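Student: Chain by chain, the residues run as shown.
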Amino acid sequence: MFKPRENQVRILQYQRGKMGISAVPGSGKTHTLSYLASQLILKGELQNDQEILIVTLVNSAVDNFLNRIGGFIREAQLLENIGYRVRTLHGLAHDIIQERPDLAGVANQFSILDEIESERMIAQLSAAYIGLHPEIVSHLQNPEADLSSAGRARNDFSSLVSKLNQDFISQAKDLQAEPETILNRVQRYNCSDPLLQMGIEVYQQYQRGLRYRNALDFSDLIRLAYTALLNDDGYLQRLRQRWPYILEDEAQDSSNLQEKMLRLLVGPQGNWVRVGDPNQAIYETFTTANPKFLKAFLKEQGVQEMTLPHSGRSNLSIITLANSLVQWTRESHPLPSLRSALDYPLIEHTPPGDPQPNPPDHPNAVYISKMKATADEEIKKVVENILNWLPGNQDKTVAVLTPIGWYGEKMAEALHAAGVPMVELLKSSQSTRRVAGLIEKILLALDDPNSSKKFTEAIQSVWTWDTVEGDKLNEIKSLLPLLKKCSRPEDFFFPQPGKTWREAIEPFEVSEERLQEFEDLRLKFTRWQKASFLPIDQLVLTIANDLFSVPSDLALAHKFALLLEFSTHLHPAYELKDYAQELAVISGNFRKFSGFSDEELLFDPDAHKGKVFISTYHKAKGLEWDRVYLMSVNNYDFPSAQPYDTYIGEKWFIRDNFNPQAEMLSRLTGLLDGDEALIFAPDGQATAAARVDYAAERLRLLFVGITRARQSLVVTWNSGKNKDKTMALPLEALHAIWRGTDEAA
Amino acid sequence: MNPTHLVLVVNASLTEKQSAVITAPARGSLLVTGKAGTGKSTAAVLRMRQMVENGIDGDSILVLVPQRRLAFEYYKAIHSPDFPAGSQPQLLTFNGLAQRMLSLFWPLIATDAGFRAAEPPRFLNMENAQYYLAGIVEPLLLQGNFESLTIDPNRLYSQILDNLNKSAVVGFPPGEIAERLTSAWSGKTSKSNIYQQAQECALKFRQFCLENNFLDFSLQLSVFREKLWPSLLCRQHLNQTFRHLIYDNIEEDFPVAHDFVEEILPNLDSALLIQDEGGGYRSFLGADATSAQRLSGKCSSQIRLTSSLVQTNALANLETALRESILEHRLLKYDSSDARSSYTIHSFRFYPEALDWVTGEIVKLLKDSTTQPGDIAILTPYLSDALRFSFANRLSSANIPFTTYRPSRSLYAEPAVQAVLTLAQMAHPSWQSKPSPQQARSAFAMVIAACDFVRADLISRTLFKNRDNLFPLLSFQGLNLEMQSRISFQVGEYYERLRAWLNENLEQGAHELDHWISRLFGECLSQPGFDFHQDYDAASSINRLIESCREFRKIYQPSAKTAVSGAGEEFTRVLQNGLLSSQSNPRSLFETNTDVVFLSPAYSFLMRNQPIKYQFWVDIGSSGWWSRLDQPLTQPYVLNRNWSINQKWTDEHEYLNNQLTLARVVTGLVRRCSAHIYMCSVTYNEHGFEERGQLLLALQTVLRSSARLEGSADV
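Respectively, the protein sequence lines represent chains A and B. Numbered as in our numbering, the first sequence ends at 1158 without a single skipped number. Numbered as in our numbering, the second sequence ends at 742 without a single skipped number.
In isolation and in its complexed conformation, chain A is listed as follows (with noise of 0.2 Å):
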């Protein structure tokens, strides 16, 4: 039973009208959003024909609100599922143009575009209009770097043309605006900027390419949604009938588009309850995202501004960490611009008699590490202070949270070398990659059928799928290696007459039981080799209903099913092997694909107690363990636009450490805007104005990162590949005056 403080009450007695509220990390938004979503539903004010809609930021949250919300419609013994809907808000826009979609000039039926396809797409584009375009390179290259040979820079080189392209095309669908529209700009400001000509014609490349294919990317389904609202005022007044609540999570994210869009589906009358933390923004890179929107709302005319100011979450030591950063980014911080990055109502501690109250505080509940330590020497220190803490806490979670992937990944080598164990942040569930890798591999077996190798691993993953141990497991060991040593798979398969398959291999003793097992797996076998002249989404339904029993699984099977039916007009020459490379990506978590099982993408620490979890601070969000490390706050992670720093955005191998992310979308949006000081500022003076922005960010991000924690937090700091970077500004701050509260206590 959720029982509220005094401040979430005060939430839960809206009735109507637009509120804003401005949550602190740890104060329960979630769970007060939840409810009042109940309690509007319990109220029985709706209609038959009516729904709660709540808006979220990622699919996990959706699941959450939707576990959340179930909860307290069961206890109130209702039907559950009506009455409500829960949307990230790419779901809400596909709902939006799936209903119209003539409004948004789709034809129905499309289909939609994931980022790997669109990735996919816009890198070949690229890579071409380099090939076409030379002049892009020395335009954009340091000529002290080498690009001619085909090494690393070249590399580097091509993927941040592809991102700089993929950007440029994001930011101009965010702003709608078609390439042709660019183009129009481009040419009445006479702009001859070569980074735009090549946004544009990789844009409308890119354009014609989805068109053929009947598909959107994810920026199209937002633009097109609210075209579609747009262009009819009959069809939006009917879906503001249809969700006279919009309650919206992560307010703060909200970008210009999904601002705007929320705004025409509520409506001057409409009820709209924003939540958020203006202090956790922490997309704004390269993106139209801004806290700025969720801020003005607040003190809009008619909105009823709300606090939840409390927070239960850490203890009072993490409390005081964090908001110190807040005052001291307010009042000290070198650089005026950077002071708004944060902003009050600093975190408050719960008052006594708090339903949820904070955790007890200790005396080493906070480490800031001073020293200089190389990357190598930051990761063996880390993993020498989880080795010691973790025996003792093994009813604990613990998250070591990194900046970027790849620093995670190497801290994840570490830990698993000495012998730590750990929990992933999956793309996929554990489930949807073990149902692709099975499927990948028949493919691949029935690809290349006289592969003996590859019918053999495919065959020892079917027979492994459920857990087999002792003597079974024994007895396939021991038939396996015989499989795959056979020199004439068609005997196996089809012997002919007056022949057994088992003259095919050598001879074997095996129980009864695995002998049939094993030839009804044979004829499994050898009723996909007849199915695989079928089309490809039949013959994974096929291999799916031999496989699976249960739902979930055979559920991803068919949705497996489409998805390569879809690759199939992406790509028309593919063959099997080409679709098994497909489920690959997924099976290897490099793709994301949501799948069906309640596993999936909800991801509760709680749940892995005792051991470690690896994850870049945004993934983080939304989440908290009692113990966490902040890795790598060094000026180049966390810089904060001092001269001295250097930034993630400037390669090497560009010249004059100039950012073209930067300077290409301050332009394009200068052109959209009319804005001829950004279209034809100098160069240099657009990624100036972004390291003021990613400085911001980044203290956000460490706010974040902080607020993660409820026990304990240990931060640490690397000097770089260079072994010239510094403890980042702010954490410096942080020491000094930890330091100084240590002293004083």
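These aren't lab readings, by the way, just hints derived from the structure by calculation. Heads up, some of the hints might be wrong.
SDA-like mimics (lysine to any residue), calculated; alpha carbons at most 20 Å apart, straight line [claimed, not checked]:
| id | chain 1 | residue 1 | chain 2 | residue 2 |
| --- | --- | --- | --- | --- |
| 1 | A | K912 | B | Q517 |
| 2 | A | K912 | B | R513 |
| 3 | A | K897 | B | A425 |
| 4 | A | K937 | B | D479 |
| 5 | A | K708 | A | P657 |
| 6 | A | K866 | B | R513 |
| 7 | A | K937 | A | F961 |
| 8 | A | K794 | A | A827 |
| 9 | A | K456 | A | L479 |
| 10 | B | K461 | A | H984 |
| 11 | A | K943 | B | R488 |
| 12 | A | K898 | A | P920 |
| 13 | A | K673 | A | R653 |
| 14 | A | K937 | B | R421 |
| 15 | A | K912 | B | D479 |
| 16 | A | K990 | B | R488 |
| 17 | A | K943 | B | F557 |
| 18 | A | K943 | B | R421 |
| 19 | B | K675 | A | Y820 |
| 20 | A | K937 | B | A425 |
| 21 | A | K898 | B | R513 |
| 22 | B | K675 | A | G647 |
| 23 | A | K912 | B | F516 |
| 24 | B | K254 | B | L237 |
| 25 | A | K416 | A | P768 |
| 26 | A | K809 | A | K866 |
| 27 | A | K943 | B | A440 |
| 28 | B | K103 | B | F132 |
| 29 | A | K943 | B | D479 |
Here are some chain B residues pointing at chain A (derived, C-beta under 7 Å) [unchecked claim]:
| id | residue |
| --- | --- |
| 30 | T177 |
| 31 | L259 |
| 32 | L260 |
| 33 | A413 |
| 34 | A440 |
| 35 | R482 |
| 36 | L724 |
Here the structure is a predicted model, which means the values were calculated and not measured. Backbone N, C-alpha and C fix where the C-beta goes; we use that ideal spot for every residue, glycine too.
Got chain A; can you put chain B on it based on the hints?
Tutor: For chain B alone, coordinates are given in the frame of chain A:
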């Protein structure tokens, strides 16, 4: 009441009103109306027979239907052994009639209509029209036309043709298409640009047809209507040929067909017009129930059939409840206790669970000896290949015979068709496209009976080599003995026979590929030792392939733009690219085995127009039951006589129209059910999305209200 009994009653004896229809004098015009299931067509078929028995010449009777499928009952009657000998009544659609007249009077009107009279007319079917249209539109696409649309080219072509067809069936000049569409568009961003581009494509295509003596569907209708029908000669001919008319399902036909009937009506000896109350399923194709209404005023007498011979009371109550909850969002009158027995709703989390359940229920139903497979239909809003296949698998393994009907299934998706085309490519090394080793492997395994997949792989690795302008198959004898024995001498023998046939007929199908395939099939693939020997499904696929190929050849003319020269190569290329996709073969419509489970989209079931005992509605949450197939370049309700120019099509129209469509479809289904409807809902649809379409919402309203009335909460 036992519904089986009801169905039997239909066959055994007739209601008084049905008898009145059958025995009405063969003079004057009679309109028969009634809901689906009241026995209208049954009476009309018997009347047709009665007329012939009474000495009226069969071929003086014109049976006009909006779609060939709707003539099925008439066809069955005419072809039954006890039908009176002599000439037969003519079963035609309006378009079929137009084609027949055009062929007959071609020299009379060709020049006037802008064609060359010296050459015969060449009728284009939908696929072939798309093929030529593609040649016109492709260059325009490259120039940047239709940039603001997301649509695959095949659908683009079909919508441009659709606009032309609408202009023909409604009766306005094609030059008005863009203006009509633009004036109705209420969106704030302009679409006039793309409408204009669509119209230009349509007009260019029209011009192309005129220059080449091609008549697509739209030209057939408009030339007949504007040039031929006004001529006295044609009128006299028709007047002399047809003295009696039976016109069924008038609500499913086009306004220009109604115009035509309205004109001939006064001169006929007798006319029987039949109207299904609540029909109008083909409205997105241009059918116009309002326009049909016009004809009813012209009939001298009228009979309304009122009692359903199909529905139980409970189903009638369900029909009312669903219609009210769709159209009014609440129930005005509803006898909950009775309707509840006519349907069951089952909820599942995942799609495959629902499919298993449906199959299991069908197995249970069939255990009862009074239920036959033909008493059962599985209905979905859309039928994807994956879904069709999943059902097919389950039904086959439960030994349940079934048939699927899905108009858009691609011919190239049939493995037998792929195999034959691969062989055709092998035998035409001069063609630009070569089969891949995998395609070759599939073809061998598909056609040689003794050849399994693994041995086919060996053949493809050792005996198949693509070489420029050379036959790619090598001799089996050339292999070493080890490999020969691995492939097996038996397989080798048939491989050699196949190779010899292909070699003898090298490059001979360049122009008349249909003949070539037909010979390949007859002389080789259907012989003992080959897999198509006694495989009737494969034979029927190959049959369709040959027919499609022949149609294509008849209208094919090489253009400077296509790199290939022969019709055969071009046909193979476009089929593989998915352009010639339709399997709709008018002949096959009448050949269906009827005692099988019918698996189809709901719409196809309605157009089949036959009642059934049990219906399974799969995925009632899908929005496909509700939303119309969106066509960004056309608009069936705007390109319509009932739409006044300059009126705006708004979301309110869209919504009301969709609600009406849903009500019409649901009512139509319930009226065609005599025992029970099983509905299943799934949380995650086929694509893994959660959907809550309007049908589900309507059912919730029904359920809630029934719970309220019964005072129970166990819904």
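Student: Taking the hints in turn, state whether each one holds.
Tutor: These are the hints, each one checked on the structure:
Restraint check for A/K912 and B/Q517: satisfied, since their Cα atoms lie roughly 15 Å apart, inside the 20 Å limit. The straight-line distance between the Cα atoms of A/K912 and B/R513 is roughly 13 Å, inside the 20 Å bound, and the hint therefore holds. Note on A/K897 and B/A425: the hinted pairing is violated, with a Cα-Cα distance of about 36 Å set against a maximum of 20 Å. Only pairs whose Cα atoms come within 20 Å are accepted, and A/K937 paired with B/D479 is accepted, the gap being roughly 14 Å.
Among the hinted pairs, A/K708 with A/P657 is inconsistent with the structure: their alpha-carbon atoms are about 24 Å apart, more than 20 Å. Proximity of A/K866 to B/R513 is assessed by CA-CA distance (about 19 Å); at most 20 Å being required, the pair is judged to hold. Restraint check for A/K937 and A/F961: the C-alpha separation of about 13 Å stays at or below 20 Å, so the hint holds. Restraint check: the Cα-Cα separation between A/K794 and A/A827 comes to about 11 Å, which is no more than 20 Å; the hinted pair holds.
Restraint check: the Cα-Cα separation between A/K456 and A/L479 comes to about 19 Å, which is no more than 20 Å; the hinted pair holds. For the hint linking B/K461 to A/H984, the alpha-carbon distance of about 17 Å falls within 20 Å, and the restraint holds. Under the criterion of a C-alpha separation no larger than 20 Å, the hint pairing A/K943 with B/R488 is consistent with the structure, at around 18 Å. Taking the CA atoms of A/K898 and A/P920, the gap is near 12 Å; set against the 20 Å cutoff, the hint holds.
For the suggested pair A/K673 and A/R653, the alpha carbons sit about 15 Å apart, so the restraint of at most 20 Å is met. A distance of roughly 16 Å separates the Cα atoms of A/K937 and B/R421; the hinted pair therefore holds under the 20 Å criterion. For the suggested pair A/K912 and B/D479, the alpha carbons sit about 16 Å apart, so the restraint of at most 20 Å is met. Proximity of A/K990 to B/R488 is assessed by CA-CA distance (about 16 Å); at most 20 Å being required, the pair is judged to hold.
Pair hint A/K943 plus B/F557 holds up; C-alpha atoms about 16 Å apart against a cutoff of 20 Å. A distance of roughly 17 Å separates the Cα atoms of A/K943 and B/R421; the hinted pair therefore holds under the 20 Å criterion. At most 20 Å may separate the alpha-carbon atoms for a hinted pair to count; B/K675 and A/Y820 exceed this at roughly 59 Å. Simply put, A/K937 and B/A425 have alpha-carbon atoms about 18 Å apart, close enough for the 20 Å limit, and the pair holds.
At roughly 16 Å between alpha-carbon atoms, A/K898 and B/R513 fall within 20 Å of each other, so this suggested pair holds. Using a Cα cut-off of 20 Å, the hinted pair B/K675 and A/G647 holds, with the two alpha carbons roughly 11 Å apart. The straight-line distance between the Cα atoms of A/K912 and B/F516 is roughly 15 Å, inside the 20 Å bound, and the hint therefore holds. Distance hint between B/K254 and B/L237 is fulfilled; the C-alpha atoms sit about 14 Å from each other, no more than 20 Å.
The suggested pairing of A/K416 with A/P768 holds, with an alpha-carbon distance near 6 Å, which does not exceed 20 Å. Between A/K809 and A/K866 the CA atoms are separated by roughly 45 Å; this puts the pair beyond 20 Å, and the hint is violated. Between A/K943 and B/A440, the direct Cα distance comes to roughly 16 Å. Compliance with the 20 Å bound is thereby established for this hinted pair. Taking the CA atoms of B/K103 and B/F132, the gap is near 31 Å; set against the 20 Å cutoff, the hint is violated.
For the suggested pair A/K943 and B/D479, the alpha carbons sit about 8 Å apart, so the restraint of at most 20 Å is met. Nearest Cβ of chain A to the Cβ of B/T177: about 5 Å, under the 7 Å cut. The hint holds. Annotation: interface hint on B/L259 violated; nearest CB of chain A at approximately 45 Å, more than 7 Å. Of the supplied interface hints, the one on B/L260 is violated, with its beta-carbon coming no nearer than about 45 Å to a beta-carbon of chain A, more than 7 Å.
For the restraint placing B/A413 at the interface with chain A, the shortest Cβ-Cβ distance is roughly 5 Å, inside the 7 Å limit, so the hint holds. Proximity of B/A440 to chain A holds as hinted, the smallest CB-CB distance being about 6 Å (cut-off 7 Å). This hint holds: B/R482 has a C-beta 5 Å from the nearest C-beta of chain A, less than the 7 Å allowed. Residue-level restraint check for B/L724 holds (minimum Cβ-Cβ distance to chain A is 6 Å; threshold 7 Å).
Consistency with the previously given hints fails for numbers 3, 5, 19, 26, 28, 31 and 32, ordered from lowest to highest.
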